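J.: Residue-level listing of the chains:
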Amino acid sequence: MMNRSLSATRFIASPIASVLDFHRRKTALSYALLLPAALTVLLLIVYPLYQIFDISFREGKSMNFARIGQQPFGLDNYRRVLTDPAFWRSTWVSAVYVGGTVFVSFLIGLATSLLLNRDLPGTRLLRTLVLLPWAVPGVIVAIMFLWVMDGSYGVFNSILRDFGWHGGDINWFVDRRTALGTVMLPAIWKTYPLITLTLLAALQSIPKELYEAAEIDGATSVQKFFFITWPGIMGPALLVVMISALGTFRDVDIIFATTNGGPAGATQTLALYVYNEAFQYFRMGTATAVGTMMVAIAFLGTAIMAGMAGKSKF
Amino acid sequence: MTKAKLANLAGLLVMIAFVVITLFPFYWMVMTAIMPTSAILSRAPSLLPDLSRISFTAFVSVFTKSPFLSWMLSSLIVGGASTILSLVVSTLAGYSLSRWNSKPQQALGAALLISKLIPSSLILIPLFIIYSTAGLIDSYLGLVLAHMTIGVPLATWLMKGFFDRIPRELEQAATIDGASQIQALWLVVLPLVKPGLAASTVYLMLTSWSEFIFGRTLITEPTRQVLTVGMQSFVGEQMVDWQLLMAAGTISIVPAIIVFVFLEPFLVSGMTKGALAGT
Amino acid sequence: MIRNVVLAAMLGLSATVMAQPAAAQTTINFASWQLEEPGNSQWWKSVLDGFRAANPDITVQTTYIPFADYLNQMTVRFASGRPPSVIQLSQQTMGAFAAQGWLASLDDRIKGTEIATDWAPSESDLKWDGQERGVLVSNSAYMLFYNQKVLADAGVSVPTDFASFKADVAKITNKQTGIFGLAAVTTEHPTVVEDFTRFLRWQGTDVIKDGKYNLTSPEAIAAINVYRKTVGENAPLGNNSAIARQLFLDGKTGFIIDGPWFWSWLAKASPEVKANLKMIRLPFGPQLAPGGISLHLAGGLDKQTEDAAWKFILYATGKQLQRDYLVETGQPAGRASTVLSPADEKQYPYLLTISQSAADAVPVFPADQKIKANFAEYSSIIMKAALRALSTEDDTAAILKDAQSELEQEIPLN
Chain D
1 MMNRSLSATR FIASPIASVL DFHRRKTALS YALLLPAALT VLLLIVYPLY
51 QIFDISFREG KSMNFARIGQ QPFGLDNYRR VLTDPAFWRS TWVSAVYVGG
101 TVFVSFLIGL ATSLLLNRDL PGTRLLRTLV LLPWAVPGVI VAIMFLWVMD
151 GSYGVFNSIL RDFGWHGGDI NWFVDRRTAL GTVMLPAIWK TYPLITLTLL
201 AALQSIPKEL YEAAEIDGAT SVQKFFFITW PGIMGPALLV VMISALGTFR
251 DVDIIFATTN GGPAGATQTL ALYVYNEAFQ YFRMGTATAV GTMMVAIAFL
301 GTAIMAGMAG KSKF
Chain S
1 MTKAKLANLA GLLVMIAFVV ITLFPFYWMV MTAIMPTSAI LSRAPSLLPD
51 LSRISFTAFV SVFTKSPFLS WMLSSLIVGG ASTILSLVVS TLAGYSLSRW
101 NSKPQQALGA ALLISKLIPS SLILIPLFII YSTAGLIDSY LGLVLAHMTI
151 GVPLATWLMK GFFDRIPREL EQAATIDGAS QIQALWLVVL PLVKPGLAAS
201 TVYLMLTSWS EFIFGRTLIT EPTRQVLTVG MQSFVGEQMV DWQLLMAAGT
251 ISIVPAIIVF VFLEPFLVSG MTKGALAGT
Chain U
1 MIRNVVLAAM LGLSATVMAQ PAAAQTTINF ASWQLEEPGN SQWWKSVLDG
51 FRAANPDITV QTTYIPFADY LNQMTVRFAS GRPPSVIQLS QQTMGAFAAQ
101 GWLASLDDRI KGTEIATDWA PSESDLKWDG QERGVLVSNS AYMLFYNQKV
151 LADAGVSVPT DFASFKADVA KITNKQTGIF GLAAVTTEHP TVVEDFTRFL
201 RWQGTDVIKD GKYNLTSPEA IAAINVYRKT VGENAPLGNN SAIARQLFLD
251 GKTGFIIDGP WFWSWLAKAS PEVKANLKMI RLPFGPQLAP GGISLHLAGG
301 LDKQTEDAAW KFILYATGKQ LQRDYLVETG QPAGRASTVL SPADEKQYPY
351 LLTISQSAAD AVPVFPADQK IKANFAEYSS IIMKAALRAL STEDDTAAIL
401 KDAQSELEQE IPLN
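Protein chains in written order, with the numbering used here: chain D, 1 to 314; chain S, 1 to 279; chain U, 1 to 414.
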């Protein structure tokens with residue numbers, strides 16, 4: 001199709017056509033550049049996405065993918081999910097977990113990137129150290145925090161006692177008052193470095209001349225932040241917040257390895273709810289129904305963020 | 001002392017305090033690896049290592065008791081290949097998204113992010129069906145592809161952000177001088193987005209390095225397993241070998257540190273002031 | 001059909017790419033979480049080596065996945081229609097796989113073999129829809145482990161019945177010195193479900209009575225109150241099984257109730273602690289087994305593969321290997337307690353104790369097929385109740401009432 005129109009234009013030798021030709025080639029180039037990325041990502045996603053969507057409308061409890069397509073069609077899974085109090089609680093837990101993790105991670109990321117952007121002595125070392133948590137695989141992060149925050153023998157409680165805490169052992173991951181906050185610690189620990197790195201890279205690309213000019217005009221540091229720094233990093237900041245939020249929303253590794261959703265569902269996020277429905281209870285139907293809704297929620301969130309990003313000349 | 005110097009000193013102190021607190025779990029991991037488990041599992045463990053009881057045997061055992069080197073090699077192969085491929089793919093795509101914005105193109109760019117929306121536990125079974133149909137189970141190529149799907153979306157958008165800051169006039173000048181658009185990208189634009197390339201490389205490397213669920217599902221052959229998956233075998237059904245696990249965890253971070261140290265100069269190579277002076 | 005077209009089109013590859021095994025050679029795939037696990041790996045290696053040497057026409061491929069991830073990886077493989085030919089499962093998880101129709105019936109194969117006659121009573125627990133679905137490799141029984149120094153320091157003697165066990169545990173706990181009466185699993189972990197259930201059974205009651213859920217009965221409430229007190233106040237909270245066992249090995253607790261294989265782990269304790277660690281038969285009844293490990297054939301194998309796979313199961317459960325299993329892993333064998341020779345009994349007296357406990361033990365969990373098929377769900381409801389009992393101030397009767405109504409709603413018995 002494309003070939004034919006391209007070769008057809010080649011025979012028309014008017015100046016207008018050659019301009020058109022130029023434009024078409026440019027457009028073709030724009031797609032050609034994008035194609036490898038689209039292929040890699042979509043190839044492995046389209047089929048699973050189609051299956052998830054399909055299965056979410058199949059009734060009955062089955063895990064047999066070869067035969068699941070023969071199950072009757074219906075809305076049973078959605079009905080079951082929407083009337084399950086555990087689903088609504090998981091939605092709330094997810095909102096708190098994602099919101100809290102990303103918010104705190106962003107604050108840390110912003111503060112560290114601003115500090116690292118100055119010419120502090122030893123910046124090179126500090127920069128590596130600040131980014132280090134990122135390099136630790138999630139599985140290990142979870143075990144590390146379990147180890148440190150253990151109620152009876154964790155070093156954290158021991159330090160609290162050294163500082164004069166007498167309120168007895170706090171079982172951070174087990175007590176339902178502290179569990180959700182505690183699972184956010186390793187999540188934040190793992191999330192903020194990407195934000196630091198992205199913001200740092202964005203800060204580096206703000207021309208120093210802007211600050212010099214502002215200084216001559218007598219701007220305060222707060223003014224400089226809001227009029228130069230913030231506009232300069234806003235685009236990457238929104239992007240990285242969005243990506244971090246999606247990652248936190250979607251991943252189960254840390255919660256799975258620390259509390260596994262407990263105590264009594266206090267840390268069960270939607271992603272873990274999906275995991276349990278599928279792999280614990282073998283209810284692929286409800287799992288995919290929740291998965292479909294998650295995609296919808298995430299899509300909506302992304303669209304809103306992208307809208308904001310668009311307004312800010314992202 | 002000037003005001004700026006004082007501010008820098010305060011900043012440095014804040015930074016050091018932050019790093020000490022943040023890296024404490026990591027420090028404790030190393031402590032667990034080198035101290036006897038009974039000394040760590042205590043109501044009042046000593047925060048500093050007791051020099052007389054330190055032992056580095058766990059670090060040796062990691063290599064003698066498990067195929068740790070072959071896990072690392074697998075991780076390096078998969079991580080290296082997926083990083084290079086993803087970097088090429090997402091630089092091209094990011095450039096395309098930055099320089100053109102037709103409707104279908106925007107849609108395609110947004111579609112890249114779809115892969116980030118699906119819970120990974122749901123992809124596993126369909127993905128396993130695709131992979132075994134295509135004979136990709138147990139192959140590095142298969143895992144490289146899977147890791148690319150995780151890394152490419154963000155890297156693409158990250159690169160787009162960096163390209164957006166480079167004025168088009170630069171390439172236009174080059175293309176008028178007779179260079180093709182690709183040549184202009186290669187010769188003129190890429191050198192200006194080095195920090196972006198470095199940031200993307202770090203991101204892609206680490207994403208692949210710490211990925212677990214695909215590595216677990218798509219590779220079962222023990223000699224081809226990646227590091228995160230292999231390390232799980234220290235967590236048995238019945239017991240965890242804490243010292244070995246923590247030693248392995250410590251070693252697993254070393255390559256990442258090397259990557260940081262190596263790429264760090266690029267991350268900060270302050271954006272070529274001259275090129276942007278006009279904007 | 002559409003599915004396949006989509007698949008093939010997407011990858012531009014068809015199913016023919018898959019390697020076809022040579023015709024003369026039969027290939028079977030064996031999946032297990034124990035192939036690299038210390039304590040069990042040696043035995044499995046001898047099974048595989050021996051079987052390969054004796055059957056050169058059968059290629060055995062192995063799939064090793066650590067326990068933490070084993071079940072969901074097996075689920076992925078069965079659900080996508082690419083299961084291993086022989087799969088290792090535990091008695092508690094076998095129900096979910098059988099309910100999906102993933103396990104082949106073994107009635108015709110077991111008939112006339114020693115499995116039909118010489119196996120422990122727990123073998124009958126592997127039936128599904130009235131047909132045999134697996135062969136028990138190992139059996140189990142809870143044993144009581146204690147630290148005699150910790151007991152002596154607290155001035156208590158080895159318990160002789162449930163009441164004295166309770167009392168001892170309470171007396172030993174001293175939070176100032178960091179010594180606890182009991183090491184138990186007190187976090188989101190399957191062992192909590194076992195603990196909850198066995199505290200009911202040791203006090204003469206059960207989750208199900210006369211075909212109905214029994215959690216709201218006064219005796220169940222009383223029994224769970226004892227669980228709250230004994231475990232909740234005398235075991236460190238928030239521990240998974242790994243930390244609980246480590247605590248006992250480090251000499252920080254008086255007791256731990258655990259599977260017999262834990263005996264071999266006592267060797268890991270430091271010499272001064274190790275001398276004080278002892279194992280005895282549980283001094284109160286009933287003797288309970290949480291279920292052993294079993295081998296199963298995947299459903300829908302072709303005849304040649306299934307024959308080869310069955311040959312492998314028979315080989316692994318042969319008499320000599322069953323004896324070796326007991327001796328090497330300390331876990332009672334699926335064959336009833338006849339595997340030890342008189343010389344063995346002399347050399348390994350503790351193995352005799354273990355075998356006898358296992359031979360007397362009845363399964364701890366309900367035999368109802370509905371519960372077995374939905375064991376994960378059952379387990380999560382009980383676990384929630386148990387953790388509420390351990391980590392909140394909620395009234396026991398209210399906790400059990402909630403659990404009972406959840407069970408009735410999610411897994412109705414009739």
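Keep in mind that the hints were calculated from the coordinates and are not lab data. Owing to the predicted nature of the structure, the values given are computational and were not obtained by experimental measurement. Just so you know, even glycine gets a beta-carbon here, dropped at the ideal spot from N, CA and C. Do not take every clue at face value.
[As the list claims (entries may be wrong)] Computed cross-link-like contacts, DSS-like style, restricted to lysine-lysine with a CA-CA straight-line distance of at most 30 Å:
#1 Lys278/U to Lys171/U
#2 Lys224/D to Lys65/S
#3 Lys166/U to Lys212/U
#4 Lys208/D to Lys194/S
#5 Lys303/U to Lys45/U
#6 Lys401/U to Lys212/U
#7 Lys212/U to Lys274/U
#8 Lys229/U to Lys171/U
#9 Lys3/S to Lys224/D
#10 Lys61/D to Lys166/U
#11 Lys61/D to Lys278/U
#12 Lys26/D to Lys194/S
#13 Lys229/U to Lys212/U
#14 Lys209/U to Lys229/U
#15 Lys65/S to Lys268/U
#16 Lys127/U to Lys212/U
#17 Lys65/S to Lys274/U
#18 Lys278/U to Lys268/U
#19 Lys224/D to Lys194/S
#20 Lys45/U to Lys65/S
[To be verified] So, partial list: chain U residues that the calculated Cβ filter (under 10 Å) puts toward chain S:
#21 Ala31
#22 Leu35
#23 Pro38
#24 Val76
#25 Lys171
#26 Leu249
#27 Arg281
#28 Ala343
#29 Lys346
J.: Hint by hint, work out which the structure violates, then give me just those numbers in ascending order.
T.: Failing hints, ascending: 2, 7, 10, 11, 25, 27, 28, 29.
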